[in-house]
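Novice: Protein sequence lines correspond, in order, to chains A and B.
Mapped onto the numbering used here, the consecutive letters of the first sequence carry residue numbers 1 to 268.
Mapped onto the numbering used here, the consecutive letters of the second sequence carry residue numbers 1001 to 1226.
Everything labelled a hint here was simulated from the structure, so no lab data went into it.
Among the hints, erroneous ones may be present.
What the hints assert, rightly or not - Straight line, CA to CA, 30 Å or less: simulated BS3-like cross-link-like pairs of lysine-lysine:
(1) B:Lys1028 x A:Lys249
(2) A:Lys249 x A:Lys38
(3) B:Lys1222 x B:Lys1113
(4) B:Lys1212 x A:Lys248
(5) B:Lys1113 x A:Lys249
(6) B:Lys1222 x A:Lys249
(7) B:Lys1084 x A:Lys249
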Amino acid sequence: MLLEDILAKSTKPIKHSNMFKIESKDVHLHYGTFHALKGINMSIEKNTVTALIGPSGCGKSTFLRLFNRMNDLIDDVKIEGQCLLDGKDIYSKEVKIDDLRKRVGMVFQKPNPFPKTIFENVAYGLRVNSITHKSFIEERVERSLKQAALWDEVKDKLKKSAMALSGGQQQRLCIARALAIEPSVILMDEPASALDPISTAKIEELIYELKSEFTIIIVTHNMQQAGRISDTTAFFYLGELVEIDSTKKIFTNPNDTRTQNYITGRFG
Amino acid sequence: MTHLDNELKQLRTDLLDMFELVLSQLDKSKQSLINLDKDLAREVLVNEKRVNSYELQIDRDCENILALFNPVAIDLRFLLAVLKINSNLERVGDIAESVCQFVMNFKLEPEKKLLEVSRLLEMFDVSREILKTVKDAFENEDTKLARSVFTKDETLDEININAHTIIAEYILNNNDRINQSLYTLSMIRKLERVGDQCKNIAEEIIFYIEAKVLKHKSFQQKQEIK
């Protein structure tokens, strides 16, 4: 297979410049009898970073997981409303979950590299998508590691185990792994909460760099982090989207008293 | 009450103490002028160092709170407002000091007629009233009271605008009081600035409480932004 053919079959979706990248329309989610999301309406523009904030149990991670259908794995979940990616409902029957997850990558709170080499971790997504072209894979691994600001630190030890990397490096490796299959959206669930300040700063800088190519949604409990890295901030409380606005507005003059009480640490 | 709440409360108390000190400096500068009380004028000059100390302490406290607590929303606006009010207040303190330096240079007790026609004492009273108004507005978080300063300041502007003609005329008729007349004109110019500083303080109070920016807006626009 020629490189051009591989690139033509790239999983990167066609960009729709005139519509929101991600939208949720009156989304309700129930875990059994528990009403976890209550009529969430949100529109996210492409190439932006949106921070989801709110106290534990408010529904922000549940909302994040809607967009790569991770909630499907949980028993007794009922979802109503629409979740659109590039204008198409990701819960429609035509959508294959594997295809969706090529377009929507995810990074978790705790770094979760596979017990494989650094190279194989990044190449994993390509291999499971039946890409076998050696130089293409090498090229993509290098590019992904560079995008994740990890290349300089690991270029001489690509064949070493990923488990030997530091926590911050492992998390950037997981980001590189997500980038390798060229998603257009990256979901991040507290990606820096288990890291030291230097590693956190690297991840934050990386998020800032990545937004020129990707649309990023991040759940964070760190208010300052939300302020530093996001363009838009959404505050969730008890399953409701209380307020969404530009991050500058939210952190200087939020409209809702509940938002103000939360971000100033006077909640409840 | 959170740790941050305690820090902000202490900052508020310190700023109110500074307001009181500056008000007292303004009162004493007026009294020292009326009675040509150079001892009182000297006291004001010494106390100016206390005003400066307040400014430094409040600046340092704001810096610490910003660095340690990363305040946002109303807490952040409060801190930004306090930083600026602090600076405005220190300048009002400087004005009281300047008045007393003039008093120290006076050879004769200021003539009653000069004080009357120049409206200098009225200027002192209005300046004090405006400063007290912004203090109360800050203390009670009363933006309506803060807004009232924009109107009151017009009296100071009017006295200041007319002062030049009035003093010139006075000098023509009182050649023996030229120095005193010029000092009086200088004091009027200084006190007019008290009004401007208080207007700035009022704008900061409104910014802190209502998140509205009134800076560089005309009187008309300020009335409309409610």
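Novice: All hints are to be evaluated individually against the structure, with a verdict given for each.
Specialist: Tested hints:
1. A C-alpha spacing of about 44 Å is found between lysine 1028 of chain B and lysine 249 of chain A, which places the hinted pair above 30 Å, so the restraint is violated.
2. Taking the CA atoms of lysine 249 of chain A and lysine 38 of chain A, the gap is near 24 Å; set against the 30 Å cutoff, the hint holds.
3. Pair hint lysine 1222 of chain B plus lysine 1113 of chain B does not hold up; C-alpha atoms about 38 Å apart against a cutoff of 30 Å.
4. Proposed proximity of lysine 1212 of chain B and lysine 248 of chain A is supported: the alpha carbons are some 15 Å apart, at most 30 Å.
5. The straight-line distance between the Cα atoms of lysine 1113 of chain B and lysine 249 of chain A is roughly 56 Å, outside the 30 Å bound, and the hint therefore fails.
6. Under the criterion of a C-alpha separation no larger than 30 Å, the hint pairing lysine 1222 of chain B with lysine 249 of chain A is consistent with the structure, at around 22 Å.
7. Using a Cα cut-off of 30 Å, the hinted pair lysine 1084 of chain B and lysine 249 of chain A holds, with the two alpha carbons roughly 21 Å apart.
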